[in-house]
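Student: In my numbering, the protein residues as written are 368 to 738.
Some clues are possibly wrong.
[Said to hold, decoys possible] Capping the alpha-carbon separation at 16 Å, the derived lysine to aspartate or glutamate pairs in EDC-like fashion look like this:
{"#": "1", "residue 1": "Lys-722", "residue 2": "Glu-517"}
{"#": "2", "residue 1": "Lys-678", "residue 2": "Asp-561"}
{"#": "3", "residue 1": "Lys-668", "residue 2": "Asp-625"}
{"#": "4", "residue 1": "Lys-400", "residue 2": "Glu-387"}
{"#": "5", "residue 1": "Lys-722", "residue 2": "Asp-652"}
{"#": "6", "residue 1": "Lys-592", "residue 2": "Asp-615"}
{"#": "7", "residue 1": "Lys-400", "residue 2": "Asp-438"}
{"#": "8", "residue 1": "Lys-668", "residue 2": "Asp-696"}
{"#": "9", "residue 1": "Lys-722", "residue 2": "Asp-561"}
{"#": "10", "residue 1": "Lys-400", "residue 2": "Asp-451"}
{"#": "11", "residue 1": "Lys-592", "residue 2": "Asp-723"}
{"#": "12", "residue 1": "Lys-400", "residue 2": "Asp-413"}
{"#": "13", "residue 1": "Lys-474", "residue 2": "Asp-411"}
{"#": "14", "residue 1": "Lys-474", "residue 2": "Asp-451"}
{"#": "15", "residue 1": "Lys-706", "residue 2": "Asp-652"}
{"#": "16", "residue 1": "Lys-400", "residue 2": "Asp-415"}
{"#": "17", "residue 1": "Lys-706", "residue 2": "Asp-723"}
{"#": "18", "residue 1": "Lys-581", "residue 2": "Asp-652"}
FYI, nobody ran anything at the bench for these hints, they're computed from the structure.
Predicted model, so just to flag it, every value in this text is computed and none were measured.
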Amino acid sequence: MALGNVSVNNLNLGQGAVTEVERYFLYIGPAPKNAGQILALNQDSDLDVQLGVAASDLKTQITAARLNGGDRWACLAMPQGSTDTWQDALTKAMQHGYSVEAVVITKPVTASAELTAMNEAAVAIGNTYARRLFVMTATPGILAPQTWSEYQTAQMEITAGVAAPRVMAVPQLHGNNLGVLAGRLANAAVSVADSPMRVATGAVLGLGDTPVDKDGVPLQTATLKVLDAARLSVPQTYADYPGVFWADGNLLDAPGSDYQVIENLRVVDKAARRVRILLIQRIADRRLNSSANSMASNISKLMAPLRAMAKSTTVGSQVFPGEIQQPKDGDIVINWLSKTAVVAYLTLRPLNCPKDITANIALDLSNDASE
Numbered sequence: 368m369a370l371g372n373v374s375v376n377n378l379n380l381g382q383g384a385v386t387e388v389e390r391y392f393l394y395i396g397p398a399p400k401n402a403g404q405i406l407a408l409n410q411d412s413d414l415d416v417q418l419g420v421a422a423s424d425l426k427t428q429i430t431a432a433r434l435n436g437g438d439r440w441a442c443l444a445m446p447q448g449s450t451d452t453w454q455d456a457l458t459k460a461m462q463h464g465y466s467v468e469a470v471v472i473t474k475p476v477t478a479s480a481e482l483t484a485m486n487e488a489a490v491a492i493g494n495t496y497a498r499r500l501f502v503m504t505a506t507p508g509i510l511a512p513q514t515w516s517e518y519q520t521a522q523m524e525i526t527a528g529v530a531a532p533r534v535m536a537v538p539q540l541h542g543n544n545l546g547v548l549a550g551r552l553a554n555a556a557v558s559v560a561d562s563p564m565r566v567a568t569g570a571v572l573g574l575g576d577t578p579v580d581k582d583g584v585p586l587q588t589a590t591l592k593v594l595d596a597a598r599l600s601v602p603q604t605y606a607d608y609p610g611v612f613w614a615d616g617n618l619l620d621a622p623g624s625d626y627q628v629i630e631n632l633r634v635v636d637k638a639a640r641r642v643r644i645l646l647i648q649r650i651a652d653r654r655l656n657s658s659a660n661s662m663a664s665n666i667s668k669l670m671a672p673l674r675a676m677a678k679s680t681t682v683g684s685q686v687f688p689g690e691i692q693q694p695k696d697g698d699i700v701i702n703w704l705s706k707t708a709v710v711a712y713l714t715l716r717p718l719n720c721p722k723d724i725t726a727n728i729a730l731d732l733s734n735d736a737s738e
């Protein structure tokens with residue numbers, strides 16, 4: 368004998384959206400007001416009220432970032448007092464649960480050990496909180512007693528021998544270069560797969576005055592090439608073409624690495640954030656098993672974030688490509704190590720993007736004179 372029972376359960380199939388952290392940066396630097404506080408800023412924020420009326424390096428960089436960041440720009444800021452460290456500020460932000468794509472440290476670094484420490488901090492945050500982020504930091508601009516030759520040598524010494532794949536170093540040549548680049552990377556009008564070099568994005572805005580050395584010689588393209596070769600991220604111009612643009616967003620990774628430029632790291636990190644949520648939802652779920660049907664179903668589920676990133680948009684005759692190429696069979700492989708442990712391998716394919724374009728023009732003088 369039995370009594371009838373009817374139950375209705377809500378099933379969670381893990382189909383919801385994931386909170387996006389891309390383009391949301393944390394700025395850490397000296398400012399005279401709200402030291403130690405975590406401030407949320409956007410285009411409507413009064414920086415004099417939040418960061419103090421007096422000029423500060425933090426306010427200078429955030430002002431430049433906001434100008435270049437577009438109408439959806441927003442960020443977090445942590446003003447520091449004279450004795451505060453970026454390490455303490457970053458730890459506090461992470462402990463309070465803030466997730467960001469990048470940390471922008473405005474106080475210039477002067478030694479390679481500082482860059483290594485920043486990379487180690489980014490890796491530690493990934494290990495502890497599973498938050499993938501990269502660090503943008505400044506190196507000093509040219510000093511009054513320096514020539515450009517002396518400045519180049521000093522800058523090269525800062526990055527020499529450094530292997531820091533999650534760190535970008537930006538010389539403060541114009542006083543606000545770090546903020547300009549940070550805003551350009553955070554602009555929602557372009558994709559995380561776009562290089563800051565992209566000319567169609569437009570010229571940079573609000574860059575400071577052109578610097579000169581002790582002899583009054585202005586900044587030259589030759590110096591920018593030397594700094595770029597030292598893996599520093601610098602602005603650039605094109606002869607007889609108006610506007611100031613940007614060169615590669617260089618990361619301080621080792622030669623031959625896949626992550627020498629920022630757009631490669633950003634697309635992989637974006638995919639990883641989304642795939643991780645799907646993997647968490649499959650812990651101890653028997654719907655992921657070694658049967659052929661289960662493997663095919665779960666590979667399809669894991670491919671969904673990649674398909675979304677690869678989606679292009681066509682407007683008239685113009686095609687705006689996705690962030691990566693469309694995934695194909697074999698791009699995701701799930702291997703069973705044991706009855707309770709699996710390893711998933713995912714392959715992303717960035718789209719080819721020209722950064723060095725050459726045109727060859729020839730005359731055709733073969734026409735017969737009688738024609």
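Student: Decide, hint by hint, whether the structure agrees.
Tutor: So, going through the hints one by one against the coordinates:
With a C-alpha separation of about 29 Å, the suggested pair Lys-722 and Glu-517 falls outside the 16 Å cut-off, and the hint is violated. Among the hinted pairs, Lys-678 with Asp-561 is consistent with the structure: their alpha-carbon atoms are about 15 Å apart, no more than 16 Å. Between Lys-668 and Asp-625, the direct Cα distance comes to roughly 26 Å. Violation of the 16 Å bound is thereby established for this hinted pair. A hinted pair counts as satisfied when its Cα atoms are at most 16 Å apart, and Lys-400 with Glu-387 does not qualify at roughly 29 Å.
Among the hinted pairs, Lys-722 with Asp-652 is inconsistent with the structure: their alpha-carbon atoms are about 46 Å apart, more than 16 Å. At most 16 Å may separate the alpha-carbon atoms for a hinted pair to count; Lys-592 and Asp-615 meet this at roughly 11 Å. For the proposed pair Lys-400 and Asp-438, the alpha carbon gap of about 25 Å is over 16 Å, so the pair is violated. The straight-line distance between the Cα atoms of Lys-668 and Asp-696 is roughly 13 Å, inside the 16 Å bound, and the hint therefore holds.
Distance restraint check for Lys-722 and Asp-561: the Cα-Cα separation of roughly 12 Å lies within the 16 Å cut-off, and the hinted pair is therefore satisfied. Note on Lys-400 and Asp-451: the hinted pairing holds, with a Cα-Cα distance of about 13 Å set against a maximum of 16 Å. Distance check on the hinted pair: Lys-592 and Asp-723 sit about 14 Å apart at the alpha-carbon level, within 16 Å; holds. For the hint linking Lys-400 to Asp-413, the alpha-carbon distance of about 13 Å falls within 16 Å, and the restraint holds.
Between Lys-474 and Asp-411 the CA atoms are separated by roughly 25 Å; this puts the pair beyond 16 Å, and the hint is violated. For the hint linking Lys-474 to Asp-451, the alpha-carbon distance of about 11 Å falls within 16 Å, and the restraint holds. A threshold of 16 Å between alpha carbons decides the hint, and for Lys-706 with Asp-652 the separation of about 13 Å falls inside it, so the pair holds. Only pairs whose Cα atoms come within 16 Å are accepted, and Lys-400 paired with Asp-415 is accepted, the gap being roughly 9 Å.
The straight-line distance between the Cα atoms of Lys-706 and Asp-723 is roughly 50 Å, outside the 16 Å bound, and the hint therefore fails. For the suggested pair Lys-581 and Asp-652, the alpha carbons sit about 67 Å apart, so the restraint of at most 16 Å is broken.
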